[in-house]
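Novice: The residues making up each chain are set out below.
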Amino acid sequence: MNARVVFALPWRGQHQQQPWVMALVALGMWSGAALVLHTAGPRWPAGWLAAGVVLAFWLAAMGVLLGSTIRLALEARRLCLPGLERALAVSVVLKAVALLTVTAIPLGILSAHPAPLTELLAIGLAAGFAYAVLPFWVVVLALILLPLVQGLAAALHWRAMAPQDPHFVVVCVAFVVPAVLLSAWNWRRVLKRAHGPIGWLSRPIMLFSSWTGPRSSFLPMSTVLSLAMGRSGLQVPQWLQPQVALRAAGPADPLRGLRVALGGPHLPLTRTSLLRRVGAPAGVIAVLALVNLPLLVYQGRVSAVVRALLALVPIFGLGIVLMIGTLMRATHLLKRWRLAGGERAVLALLPRSGTPTEQAARLRRVLLGGNRLRQWPLIAAAVLTEALFSHDLNRTLLLALVLGLAPAGEAAVVYSVLGRVSVPSWGYGLMTALGQGVFIAGLNVVTVPSGPALAWLTHAVFAGTMLCYLGFATLSGLGRRALRNLPHPYLGLS
Amino acid sequence: MSESSASSTPLAAQGLWHTYGERSALRGVDFTVETGSVLGLIGRNGAGKSTLIRALLGLLVPSSGCTLVLGEPALQLTDRVKERIAYVPQQPESFPWLTAVQMLEFLGRFFPRWDGDFARTTLSRWEIPAGRPLARLSPGERQRVELIRALACRPDVLVLDEPAAALDPVARRELLREVALRAGENGCTVLFSTHIVSDLERVASQIALLHEGRLLLHCDLDATKERYARLWLPPRHAEAAPGAALSRRVHGDGSLTLVVGRGARGEWPAAVQLDGARLDALGLEDLFVEIAA
Numbered sequence: 245m246n247a248r249v250v251f252a253l254p255w256r257g258q259h260q261q262q263p264w265v266m267a268l269v270a271l272g273m274w275s276g277a278a279l280v281l282h283t284a285g286p287r288w289p290a291g292w293l294a295a296g297v298v299l300a301f302w303l304a305a306m307g308v309l310l311g312s313t314i315r316l317a318l319e320a321r322r323l324c325l326p327g328l329e330r331a332l333a334v335s336v337v338l339k340a341v342a343l344l345t346v347t348a349i350p351l352g353i354l355s356a357h358p359a360p361l362t363e364l365l366a367i368g369l370a371a372g373f374a375y376a377v378l379p380f381w382v383v384v385l386a387l388i389l390l391p392l393v394q395g396l397a398a399a400l401h402w403r404a405m406a407p408q409d410p411h412f413v414v415v416c417v418a419f420v421v422p423a424v425l426l427s428a429w430n431w432r433r434v435l436k437r438a439h440g441p442i443g444w445l446s447r448p449i450m451l452f453s454s455w456t457g458p459r460s461s462f463l464p465m466s467t468v469l470s471l472a473m474g475r476s477g478l479q480v481p482q483w484l485q486p487q488v489a490l491r492a493a494g495p496a497d498p499l500r501g502l503r504v505a506l507g508g509p510h511l512p513l514t515r516t517s518l519l520r521r522v523g524a525p526a527g528v529i530a531v532l533a534l535v536n537l538p539l540l541v542y543q544g545r546v547s548a549v550v551r552a553l554l555a556l557v558p559i560f561g562l563g564i565v566l567m568i569g570t571l572m573r574a575t576h577l578l579k580r581w582r583l584a585g586g587e588r589a590v591l592a593l594l595p596r597s598g599t600p601t602e603q604a605a606r607l608r609r610v611l612l613g614g615n616r617l618r619q620w621p622l623i624a625a626a627v628l629t630e631a632l633f634s635h636d637l638n639r640t641l642l643l644a645l646v647l648g649l650a651p652a653g654e655a656a657v658v659y660s661v662l663g664r665v666s667v668p669s670w671g672y673g674l675m676t677a678l679g680q681g682v683f684i685a686g687l688n689v690v691t692v693p694s695g696p697a698l699a700w701l702t703h704a705v706f707a708g709t710m711l712c713y714l715g716f717a718t719l720s721g722l723g724r725r726a727l728r729n730l731p732h733p734y735l736g737l738s
Numbered sequence: 007m008s009e010s011s012a013s014s015t016p017l018a019a020q021g022l023w024h025t026y027g028e029r030s031a032l033r034g035v036d037f038t039v040e041t042g043s044v045l046g047l048i049g050r051n052g053a054g055k056s057t058l059i060r061a062l063l064g065l066l067v068p069s070s071g072c073t074l075v076l077g078e079p080a081l082q083l084t085d086r087v088k089e090r091i092a093y094v095p096q097q098p099e100s101f102p103w104l105t106a107v108q109m110l111e112f113l114g115r116f117f118p119r120w121d122g123d124f125a126r127t128t129l130s131r132w133e134i135p136a137g138r139p140l141a142r143l144s145p146g147e148r149q150r151v152e153l154i155r156a157l158a159c160r161p162d163v164l165v166l167d168e169p170a171a172a173l174d175p176v177a178r179r180e181l182l183r184e185v186a187l188r189a190g191e192n193g194c195t196v197l198f199s200t201h202i203v204s205d206l207e208r209v210a211s212q213i214a215l216l217h218e219g220r221l222l223l224h225c226d227l228d229a230t231k232e233r234y235a236r237l238w239l240p241p242r243h244a245e246a247a248p249g250a251a252l253s254r255r256v257h258g259d260g261s262l263t264l265v266v267g268r269g270a271r272g273e274w275p276a277a278v279q280l281d282g283a284r285l286d287a288l289g290l291e292d293l294f295v296e297i298a299a
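Line order of the protein sequences matches chains X and U. Yeah, the first sequence ends on 738 if you go by our numbering, and it's all consecutive. Yeah, the second sequence ends on 299 if you go by our numbering, and it's all consecutive.
Isolated chain U, as found in the complex:
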């Protein structure tokens, strides 16, 4: 990573490995999030999404590799960078002894760009009980309070770990609208992980697919349909299957199903031309299922 590009890149990881005991959660992830993009990080449970996010933000020490936030090493962030980032964890459980109003008032004192009006009006608009301790709020209410906290500090980089997991459809729609608004009007860079493909299609400009700790694809959302497809090969051509496939399934009769991508010059693998081979376009959800199943 060159110094100039690194300092302008909101989030970057290079050669990231992390293990929990015997289990590898991340296996050599190289990853950058471009300025102003809304990147949807998708993957199955246990794929390593939360670990990647926490490593990106310096909340854990990776086994190897490095991560940068706005050009600074994630484990040694200065106030200059901390003021510009916001993070909402998958299961927000912070400050259960405070009420929503107390928590926002307390944390607001640390952020110079804190938008108190936004915090107050959104609390009231989202009908969060202001005087009740956070411990007594429902998981959905708790998640919304955390989202208000993250948005009220007017971040340049917003990182959300499965932000819609506990939200009802209405709240989810509002959240996505807010994310799209922040990205569109303020140029905020957003990284969010999710299982819900429809959410991703609604707001993401880019997607990244993490599977068993490996980043299998990372591209523009619009390009996925063009760039990836499902290739079925009859048993007699199984030997001719391309080596560089994102997934490979062998059926009982010896036929093969693969997810293949276009090459550097936009061409499909040669096996597509074989007699009996079938190439199907894939929607985002089908692509995810084909790769991650």
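Bound conformation, chain X alone:
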């Protein structure tokens, strides 16, 4: 294998269009960061930090992608392919170094703070890689402990946690070195167990969605979604398996019948099952609150911090829950509708399920009508919180617009799928990436303190939101029209 092949290896485990999409997004982000650094000057002293943080998140995403090649390495070990594992490891290291260098050098030239910028980028890359490769429970524990450490640093007035501090390099080394070493250790540990079951204690998050094979998810979020959904419940512990409430589902109650048939997030569950499934995430939230709140109280700055948290946590939390729920349902529909041997064929030939017009109407009611309960209360709660805490009509309206992307995007996916509008996988990927980007940027804009420095970002979010609405409306319209002309709604995408 020559150096070029080795370098390109991890991309061979990704979707074909992914490197190009990533390259485009990278170009956009680098240009944006360069623009910020060039124009920020004395009017926005923290501009370099904002650019650094954004690019660190970007490198974290790249780190996840590099880490996701553990699947490819695992397949190579299982198939006894000679040399591939070693080449992959070399390739990952080469790519990590190249990514860091290519990002840090131009930023360093443009900025007066090259060292902390490089440290931030290194932390982002290492965090992304560790997220993908470390055991899942370690990642969850780290996410729980992170605010604890931040709180502790604030309580002890330890300023080294801030990138502006000259001692930030210590934090960087203390994070990056153990993260990389532990990731390498778990990488080897997982590969050693390739021919047997990989236990929960060492299984990285990337291997929870093992049914997708060595190809990694289009976006890191997809992996989280896959984990949340489980492969039809395969990876979910027995006690969390959905218990279907089959009572009356059938011709007597066609909507309930359709929910059983569509499965996944639409499945009607028994009360016990519902309680268990809601109880688990509620427990995690309670643990997070219990870990963090006493520390905040100890800091003696309860009122200010709690006030900030009261606004930020619900808006961000509700927004993220809204986004994950939407993506989960859209992904589920796309996946099921692509299967030639799935329930679509059964539904198409099912007697006593209504005329094609009735079938299409019921599909719309189940797939979109249920969102009145799933999405609108979340949107209303987030917008109300923003209105109460910011007293800023523009920001509240922007939040409402951004959150409205979730139902609009879901409607676009549902209509395009049911109407068999030909959208390639990369098209959905690009739509999801743009939608997610605008959505998260929008949540940031309305939750961080506003100022002239953020005005450009607000305008960018508004423009991006409008662009997304335009795309979603076009897709929905095409799908609706096509659906009306189809002989029945179960023709599917294949």
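These are computed hints drawn from the structure, not numbers from a lab. Glycine is no exception: its CB is placed at the ideal position from the N, C-alpha and C atoms. Incorrect hints may have been included.
Chain U side only, calculated, beta carbon under 10 Å to chain X, not exhaustive [said to hold, decoys possible]:
hint	residue
1	LEU63
2	GLU89
3	GLN96
Every beta carbon over 10 Å from chain X, so not counted as near; a handful from chain U, in silico [what the hints assert, rightly or not]:
hint	residue
4	PRO118
5	LEU129
6	ARG220
7	LEU227
8	ALA270
Following the hints, complete the assembly by docking chain U onto the known chain X.
Specialist: What follows is chain U alone, placed relative to chain X:
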């Protein structure tokens, strides 16, 4: 197709074309399945068998042509017809979130002729884990659950797309016995696609051979040996080879091997009589290989 014959024909296709992008999967297929027959649809991978079956059942919109199920357009089936047909896809992947018992109970509510006892006893006889989600069953178990679903609604028309692909020999034998029983005792019409020629010989009354989207032969199984043979012609008679052959292979020395059929009056092509020509009878598997290779 006349209206009266169409309404009594379980499955029919006329001038069926279908393309996936640039590739033609079906090229002008005309096809009928007679009432009470067990028709084995045979062809290589990618020959168009699954596409034909899905078009026949209205699960895809063909590029052109029409298909009828029990006299109704396949894309606009009414409940009257849906109650009488059952289909098992090549790779059953439906309802992975339900257990076998839940799926059968749920779907049974839609079919007025549902045979719950059959579903229960066959599940137990075929040793399918009743309480395990379908996602956790092996491909063979999953296929058997789908077969139970299809048989329990007591269909008049049963369409099986490679039903034996994931089954072990014992399960395959049981399936074929069940198919033969349904066809023999209940007059059920069966269309099944397969690669396994021995399965076809065991139960099929008719065969249809699909090759590169074209239906090359469609006749009674018993008649294939009588009607088709392999003709070898020496190089000097290559020019005299009959035009209407099912397959034609030219060898390195210029000699020809063709699969030929009898004419309307039962006669072989005139080339059979040529000096040095050789006519060999073909078994079903040889016939398939000769045509499809």
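Novice: Compare the structure with each hint and give your call.
Specialist: Checked hints:
no., hint, verdict
1, LEU63, "7 Å, holds"
2, GLU89, "4 Å, holds"
3, GLN96, "6 Å, holds"
4, PRO118, "8 Å, violated"
5, LEU129, "16 Å, holds"
6, ARG220, "22 Å, holds"
7, LEU227, "28 Å, holds"
8, ALA270, "39 Å, holds"
Going down the numbered hints, you'll see the structure goes against just number 4.
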